[in-house]
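The sequence shown lines up with residues 51 to 352 when you count with the working numbering.
Source of the hints: derived by calculation from the structure; they are not laboratory data.
The reader is advised that the hints may include incorrect statements.
[Said to hold, decoys possible] Derived DSSO-like pairs (lysine-lysine); straight-line CA-CA distance at most 27 Å:
(1) 126 <-> 264
(2) 333 <-> 270
(3) 192 <-> 333
(4) 129 <-> 287
(5) 245 <-> 129
(6) 264 <-> 333
(7) 200 <-> 129
(8) 270 <-> 297
(9) 176 <-> 287
(10) 347 <-> 102
(11) 347 <-> 126
(12) 176 <-> 347
(13) 245 <-> 297
[Said to hold, decoys possible] Computed spacing ranges between beta-carbons, pair by pair:
(14) 110 <-> 243: 30 to 40 Å
(15) 141 <-> 302: 25 to 35 Å
(16) 199 <-> 157: 44 to 54 Å
In this text, all values refer to a predicted model and were calculated from it rather than measured experimentally.
Glycine included, every Cβ here is placed at the ideal spot set by N, Cα and C.
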Amino acid sequence: MKLLSKCLYGLFAMVIFVACNKDAVSEPEPDPTPGAANDSVKQQQQDTLLTKAIAWDSTDLGATANTFEYVFDDQKRVKMIVWYYSDTNGVRLPAANTDTTFQFFYNGAERTAYRTIGWTLFQTYKTADVLHFYNSNNQIIKDSIYNSPKSYSSRTYTYLPDKLTTYDVFITSILPPGYNRDTLQIINNNITHAKFGFPPGIGYDVFDITYDNKINPLTKLNIASNRLIEGGHAFDKNPFLSPGYCKNNMTQRVAWYSDHPQTIETDLFQYTYNELNLPVYCKIWYSVYYKSAGRVKYQYTH
């Protein structure tokens, strides 16, 4: 009888304990496959900052990849872009050197860089030291280089609803002043047509571009204004990112010479996206470099 009473008392105590704790928060269930692409929503929302773009030619079995890495400071501002040879996962090869292709400098906690060092369509040498000026909307409105009393260059940006124009001035003590204007047509916050006064690196001076409806990862970075037109070689050879101005990703780029438009190059881009509509992989087909097939991987951090 005593044993029965003890059993009944223990069962009653257990029922009371469970009832009192029915609203308690239980431990979360572990992911069914650890390491798989099933991160929490919070983590997915954080991993939106592009950290690496890894590009290679898939038809060259012995080729190494070119990795462009975006290096951040403790305020998640890009402080430099570096380039190195790597494998197709962005791991630097043991003997490869790291080359700083772009540096960004900030005043205090400001998010826009007041100064950069590196190649742009405005200054086509890698050590160009450029000062930047912005309007109240944080849009870049002027770049300038004052080399000495003998040399000065500037680029002024003008924003209209349907176009973006740039106006360049080159002044030296030896040659007459030079002037140049580029015109870029805008539709839905994307550069859809570009006409350059001086041809960019590949020689073509006219471009028509179409886009997807997904996110251009460069727009998530604080340096988008400083890569406003260039993006990742957007108007040069082997492009891997749309211009910083553009909200979406290039799906086709058609280029030609204005003085003989019969010579046309068409590049096609096909993307794979993650759950946040950011590209993670891209296949590129070239009509001129028809034996090449570009591949790009995009990696992100929070």
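Going down the list of hints, with the structure as the test:
1. For the suggested pair residue 126 and residue 264, the alpha carbons sit about 23 Å apart, so the restraint of at most 27 Å is met.
2. The straight-line distance between the Cα atoms of residue 333 and residue 270 is roughly 22 Å, inside the 27 Å bound, and the hint therefore holds.
3. Only pairs whose Cα atoms come within 27 Å are accepted, and residue 192 paired with residue 333 is rejected, the gap being roughly 35 Å.
4. Only pairs whose Cα atoms come within 27 Å are accepted, and residue 129 paired with residue 287 is accepted, the gap being roughly 25 Å.
5. Between residue 245 and residue 129 the CA atoms are separated by roughly 31 Å; this puts the pair beyond 27 Å, and the hint is violated.
6. The hinted pair formed by residue 264 and residue 333 meets the criterion: a straight-line CA distance of about 16 Å does not exceed 27 Å.
7. Between residue 200 and residue 129, the direct Cα distance comes to roughly 30 Å. Violation of the 27 Å bound is thereby established for this hinted pair.
8. Only pairs whose Cα atoms come within 27 Å are accepted, and residue 270 paired with residue 297 is accepted, the gap being roughly 9 Å.
9. At most 27 Å may separate the alpha-carbon atoms for a hinted pair to count; residue 176 and residue 287 meet this at roughly 16 Å.
10. Straight-line distance between C-alpha atoms of residue 347 and residue 102 comes to about 8 Å, which keeps the hinted pair within the 27 Å bound.
11. Taking the CA atoms of residue 347 and residue 126, the gap is near 21 Å; set against the 27 Å cutoff, the hint holds.
12. Proposed proximity of residue 176 and residue 347 is supported: the alpha carbons are some 24 Å apart, at most 27 Å.
13. Pair hint residue 245 plus residue 297 holds up; C-alpha atoms about 20 Å apart against a cutoff of 27 Å.
14. Checked against the hint of 30 to 40 Å, the C-beta distance between residue 110 and residue 243 comes to roughly 33 Å, which is consistent with it.
15. At about 31 Å, the beta-carbon gap between residue 141 and residue 302 stays in the expected band of 25 to 35 Å.
16. Checked against the hint of 44 to 54 Å, the C-beta distance between residue 199 and residue 157 comes to roughly 26 Å, which is inconsistent with it.
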